[in-house]
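Student: When you get a sec, could you build the whole thing from the sequences and use the hints?
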Amino acid sequence: MLLNGVESTFVCNAICYPSCTYTWYIGFQVWTNASHELNYTTSLYANKETVECQVQNSLSNLFVATSVTVWVARGPMDMTISGPSSVTVGDSISFYCFPNCNPSCDITWHYRGEAFDGDTVSVPILQQGKRARANKLVLHVAHFHKTERLECSAVNVLSGKTGNYTVTLHVTDPVAVRPITVTPAIADGSYSLQCVGAQHQSNIQWTKNGKPLSTSDRVHLADNNVTLSFDPLRPPDAGVYECIVTEQGKVIPGVSYELKVIYGPLTPVLTQSGNRPVGQTTFLPPGTTDTFFCSAECYPACTYVWFFNREMVATNGCHSYSISTASIADEGVLECVPYNPVTQNYAAVQTNIELTDGPKNVTISGPNSLQVGLKSTFECSAVCSPPCVYTWELYGKTLQGSKVELTISHYVATETLICIAVNAVTGNLAAANETLDVTGAAASETLQNRTSEASTPYGPLYLEIVGVQVVTIGIPYGFRCSAECNPPCLYTWTLDGKTSHESELDVIFKSIVSSEVLTCEARNPDTGETSSKNLTLQVAEGPLNVSIKAPVMLVNGANSTLVCLAVCSPSCNYNWYTDYQTWTTTTNELQFTPPANSKSETITCEAKNTLSGLFASSTITLWAAAGPKFMQIQGPSSVTVGETFQFSCYVDCIPSCNVTWLFRGETLTGEIVNVPVLQRRKAVMVNKLVIHLEHFHKTEPLECIAVNTVSGKSDSATKTLSVTDSFSLTVKSGRQWYRR
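Mind the numbering: the sequence shown is residues 1 to 740 in the UniProt record's numbering, read in order.
Among these hints, one or two may not hold up.
Claimed, not checked - Computed list of lysine-lysine pairs in DSS-like fashion (alpha-carbon distance at most 27 Å, straight line):
| hint | residue 1 | residue 2 |
| --- | --- | --- |
| 1 | K713 | K688 |
| 2 | K498 | K549 |
| 3 | K608 | K510 |
| 4 | K397 | K533 |
| 5 | K211 | K629 |
| 6 | K250 | K208 |
| 7 | K250 | K146 |
If you're looking for bench data, these hints aren't it; they were derived computationally from the structure.
Every value quoted in this text rests on a predicted model; they were computed, and no experiment measured them.
Tutor: This is the structure:
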């Protein structure tokens with residue numbers, strides 16, 4: 001391979017004795033008495049060179065010759081594309097690419113991100129006296145954009161050198177989707193779109209977001225599919241609509257129209273820090289910091305007004321309300337009112353804020369004594385916000401509820417009743433106990449028998465310890481030691497090396513141990529006889545401080561790990577509840593996948609001590625990530641080179657989206673700002689971008705891309721900018737005149 005204007009070296013090899021002389025021939029040029037090497041510079045316009053070498057023996061004068069023909073690689077150069085500069089959607093147009101290549105070039109066309117191979121043809125254009133070779137592309141214009149780039153790429157088959165040539169095509173579309181009226185597209189009203197430019201005898205098909213349109217009794221077509229009507233219009237009707245017209249076998253996709261439905265506010269929701277939805281009442285621990293967030297389905301974006309105890313609070317239109325240090329002054333009704341500045345509709349959502357308190361002042365109310373065989377009712381109460389959960393301990397049994405009904409079936413001297421109150425939110429607990437005398441026929445008969453035998457000492461007999469066998473740290477327990485004894489016995493308790501001399505013993509365990517042995521010894525003071533009995537106590541702790549560790553938000557159809565945290569010894573079993581399903585696990589983890597259409601999930605974890613049977617629960621409500629949706633770019637549609645312009649990207653996204661911009665092939669990052677909205681001096685959160693236009697192109701697309709920070713789902717909005725230049729160039733009489 002040779003190159004025009006570039007020196008190349010040719011070498012002629014021959015076996016010759018005693019020596020040889022060399023003569024070189026290239027075209028009309030001759031080199032005599034030359035060496036076996038020739039350095040030759042190819043002319044600028046040669047297509048190929050034939051090089052001949054003649055070798056002659058210096059003694060015998062015999063000679064031999066050989067030749068070689070080498071192509072000269074040239075181009076691609078002086079590339080051009082021949083064809084119309086304006087095209088119409090639905091037409092097929094021929095374009096020719098002239099690459100000026102030697103010996104030839106491979107041609108590839110690029111249009112709308114796709115590559116095409118054309119056909120090599122001869123065209124009646126003379127180049128150096130020969131018909132020019134060109135590459136022909138028949139382009140079918142199927143999509144509308146104001147301008148499109150058509151590029152021809154050529155690669156020399158010998159040198160590998162490449163070249164490109166690009167033309168800008170101005171695309172027109174005779175068909176377009178347009179609204180019939182200029183009134184805004186407001187939900188719950190009627191609205192119509194029309195396929196403008198389509199003939200009534202044409203075949204018309206509609207698409208929404210690139211898919212065939214489905215009609216219904218609310219969405220219907222008329223006038224041979226020319227008119228698309230919505231009655232009434234609903235928020236899900238928002239999307240990109242296109243009509244595709246077929247006329248005389250030619251398919252013409254029309255200019256699409258993005259229908260943005262104005263609606264809302266709908267389904268207002270309050271959430272707390274960590275995206276926890278709140279209910280009618282929200283409990284805050286004193287001294288804590290929290291933030292409330294308000295959201296609603298709304299287009300365009302709503303503004304928000306906050307009220308506390310019916311008085312407006314200044315939040316500068318922000319969708320959040322913060323409490324720095326929760327105190328009594330923060331107790332009351334907090335209300336958020338989302339407001340749509342276009343429809344002027346509003347909604348409201350509220351919660352009653354209360355501080356957590358208690359349990360304290362735990363009391364047991366009921367009769368002062370028990371009668372054998374008769375039912376008695378007792379009620380436990382405490383100062384507690386929110387209301388406490390109550391557990392009763394009675395002769396080794398556990399009962400639930402604020403009220404219990406008891407019936408003593410046999411006589412004992414006294415009975416101890418314990419009530420444990422647990423705050424359902426904080427997990428704090430407190431207890432109260434009552435020791436009740438037992439009366440009744442059995443008690444009177446026993447006393448009469450003992451009186452008749454009072455003169456004869458006996459006992460201790462039938463020694464027993466009355467009390468629970470499982471104790472929980474932090475809860476007071478009562479034990480009673482009794483025996484048949486005359487005169488009455490003296491009692492000694494022994495626990496953990498400590499002694500007590502009463503018939504009843506109150507115990508609170510403060511640290512965890514595997515078990516403790518409680519010993520009661522009864523001694524007859526007259527005879528000195530003794531009897532003892534042991535009760536092995538198993539010690540449990542918790543469940544305390546039950547909480548659920550969960551992701552900030554759920555992702556529909558994706559698996560999430562939930563962990564139930566609780567202080568629990570020796571161990572806990574866990575029950576998980578949602579509105580539609582229950583799980584029981586021996587570990588504290590739950591793998592949970594919300595349904596595809598779920599907006600939020602309320603999940604409860606109940607931790608139950610495997611030894612004591614006591615349980616406590618925690619409930620959390622998690623929202624599912626939503627959006628981005630209803631994206632919109634606001635800003636000027638026409639811009640001028642050399643000036644600076646500001647654009648704002650609005651996006652509906654839960655919990656939030658990362659926003660980037662694309663402009664002229666560059667990725668830009670805007671800033672989250674409060675942009676003033678003229679309605680009622682409120683502001684909405686958007687992403688702002690300031691660009692300085694430095695280059696001229698008739699149109700430029702500006703794209704805003706939003707990515708949900710939790711689900712990773714993305715969406716984009718594009719705004720086409722019409723660019724003008726304040727300078728223009730006019731050529732007159734061979735001189736250049738600048739006109740501003």
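Student: Each hint needs a verdict: does it hold in this structure or not?
Tutor: Hint-by-hint comparison with the structure:
1. K713 <-> K688: Holds, because 21 Å separates the two Cα atoms, which is no more than 27 Å.
2. K498 <-> K549: violated (42 Å)
3. K608 <-> K510: holds (20 Å)
4. K397 <-> K533: holds (21 Å)
5. K211 <-> K629: holds (18 Å)
6. K250 <-> K208: Holds: K250 and K208 sit about 21 Å apart, inside 27 Å.
7. K250 <-> K146: holds (20 Å)
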